[in-house]
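Asker: Listed below, chain by chain, are the residues.
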Amino acid sequence: MNAEPRTLQSSALLPVGAAAGPKSSDAGGKAEEKPDSAKQLVLGFLFGIAFGFLLQKGGVAKYEVLLGALLLTDFTVMKVMLTAIVVGMVGIFSMHAMGLVKLHVKPTRYAANVIGGLLFGVGFGLLGYCPGTGAAALGQGNYDAVVGILGLMVGSHLYAELSGPMGATVLTWGNRGGIMLPDLIGMRLRVFLPVFVPLLVGALFLLERWTG
Amino acid sequence: MSSGGGAWSPYVVGGLIGVLSMATFYFSDKPLGVSTAYARLAGMIARLFSKGHTDSLKFYQENNPKIEWEVMLTFGIVLGALLAAWSGGELTGSWVPALWAERFGDGVGLRLGVAFVGGVVMAFGARLAGGCTSGHGISGTLQLSVGSWIALVCFFAGGVFTAMLMFGMGGTR
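Residue numbers (the working numbering), protein chains in the order written: chain Y, 16 to 227; chain F, 432 to 604.
Honestly, the hints are just simulated from the structure, not real lab data.
Built from N, CA and C at the ideal position, the CB exists for glycine as well.
Here are the computed distance ranges between Cβ atoms for each label pair:
| hint | chain 1 | residue 1 | chain 2 | residue 2 | range |
| --- | --- | --- | --- | --- | --- |
| 1 | F | Ser525 | Y | Tyr125 | 39 to 49 angstroms |
| 2 | F | Ser481 | Y | Gly227 | 49 to 59 angstroms |
| 3 | Y | Arg203 | F | Gly599 | 38 to 48 angstroms |
| 4 | F | Asp537 | Y | Val57 | 35 to 45 angstroms |
| 5 | Y | Ala53 | F | Ala454 | 13 to 23 angstroms |
| 6 | F | Arg478 | Y | Gly182 | 13 to 23 angstroms |
Distance condition first, Cα-Cα at most 30 angstroms in a straight line; then the derived BS3-like pairs of lysine-lysine:
| hint | chain 1 | residue 1 | chain 2 | residue 2 |
| --- | --- | --- | --- | --- |
| 7 | F | Lys489 | Y | Lys117 |
| 8 | F | Lys489 | Y | Lys54 |
| 9 | F | Lys497 | Y | Lys54 |
So that you can see chain F by itself, here it is in the shape it has in the complex (with noise of 0.2 angstroms):
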């Protein structure tokens, strides 16, 4: 209610995703899903340190670290939140979000401090569960899989738990 949402209605913009994903079965056989495309750029990474062990862990065995369909999917998504906050007059370059400033201040490395523990934290959790919320709350919800409902309840138990911590009951506002 307070943050405004989006610049289109959320039920068009979640109708055109579920075309999407009806696009990228037909098209590319393919779910949406996004935190596998990290993984692989971090194999990647990884691979130019010590190729070896890089080639020796199961999870990569399994999933190539290379420029695969989710990788071009996810810098896909970058162009196109681009265009679409340039197109509306929405970009906000900024290192701080206003309402993390609000509650924390406007010190950039408190930020990227919890932003990158945040991250890491988060992309082992996906890794574990199979899928985030592209893969397992999107994709898999609507495909009735078992274990992407139970992984989806428990993103928000955790997200909920976590920022009510954060900001207090019903946030700050």
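Isolated chain Y (complex conformation) (with noise of 0.2 angstroms):
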């Protein structure tokens, strides 16, 4: 049970192309890494302009809608996110069938992946910005999200703290290595794919007309 997965996962990925070698996607646990270059480094600040005008200008960069997600009175953040995945779902798996891009499937962990999950939405609920979007309230003079930065620098050394003891209990429990969705129920990607894609535009369809 847990190894076929993994085989399953490699028949879907390998036959398309460049991306095969032992570098490609599920590396779960890369022990060191390289600096990024200074190109890289300005390649990441000018995504990350883009990406902060993009949030502001959907709206959730503002405290008021990011708990109206949570509250279940706005749905904005939903709408943005599905499409996001969306089109991204789309592009990245046609540029990686085309050899273009590595895939980098983050590994599956069950237990970490949902206590950490759940007390991500709690300090969410709390704070009312993610990390994305408390950088970007900040961009519009929200203040409040600098503190909320203190304390996500705060979290995150707390964190590398106990990431030792951590990387030995929690974050093996349930670990399942890079799976992806297909191969829970053993589908082949480029037969689940023209399922899951028109499910997500139908949810978002949905979402539309029930909201306005």
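Join these two chains into a complex; the hints should help.
Answerer: Here it is as structure tokens:
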């Protein structure tokens, strides 16, 4: 049961050309990393400007819009995220099929994903911004985001202090590596995507209909 | 519905964020993700106080406490949002959001205290879960990562629970 999904995953991903080397997708626990080049740092900054600009124009740097998402009274966040997911999914898997990009599938660790995810959500409710929209909120002039960002740095360091024991316990519980949704139901990626993408688009249409 | 959303359609913005994701994969070989930036910055500060201890921590051995791509991305987000808000006449310049003030009053101390605690809890959760609303919620889910979909559902489950406790079912309005 444990080995099977990985085989399926590689069979789903391997046929598509260049990006099949050992460094391709699901190298979850990369030990050391190379520093980013100056060119990449500049690119990162430019991509950030675009991202921040879009987040603010989308309204998702506003406390009221983000809290509205959590109070289920404002669905802007869901619409932005779902649309980004659909466009990015089609685009990135297409580029991957053409051998233009490598995938970066984060490892699935059931316990850590659930416990960490719930904690993240509690923090999200209290702060009202997430890490990306918090930076955007600061840019737009919500000064309370500065203190939120200080908290984010303190919380990150707290985790780093505990990262040794965490890595030996919670992170190992239900560690499944880089599995993908089609692996769960034993479907090939090329069969799964043409079913899943229309489902997500359908969900967007329903969301628009119900919420206006 | 009540808060008016943003200046641009959420579908236009979402679509362009999808295109931006494609660009970061193609040009930088990286998915959009923000939370690691705060961890790197925290590590850089911790190194000023105790270099040896900081470098001995597993997390910082795997994620160099240096100015890397995500850190620059995050600096860029601040500037990009500033440009967007300035160009659209939406600069706020406030310490307490209006919705918060409506419910909890306009005391700055309470708002900042809760924001700080929220940030601490959120970052700890992000590190444990392996990403945030960008890294898991957009970049991970669009690559069909099982853990990212689980994390995204849990982000909202924890967030809805907390927000409802704070503001009551369906908000104050």
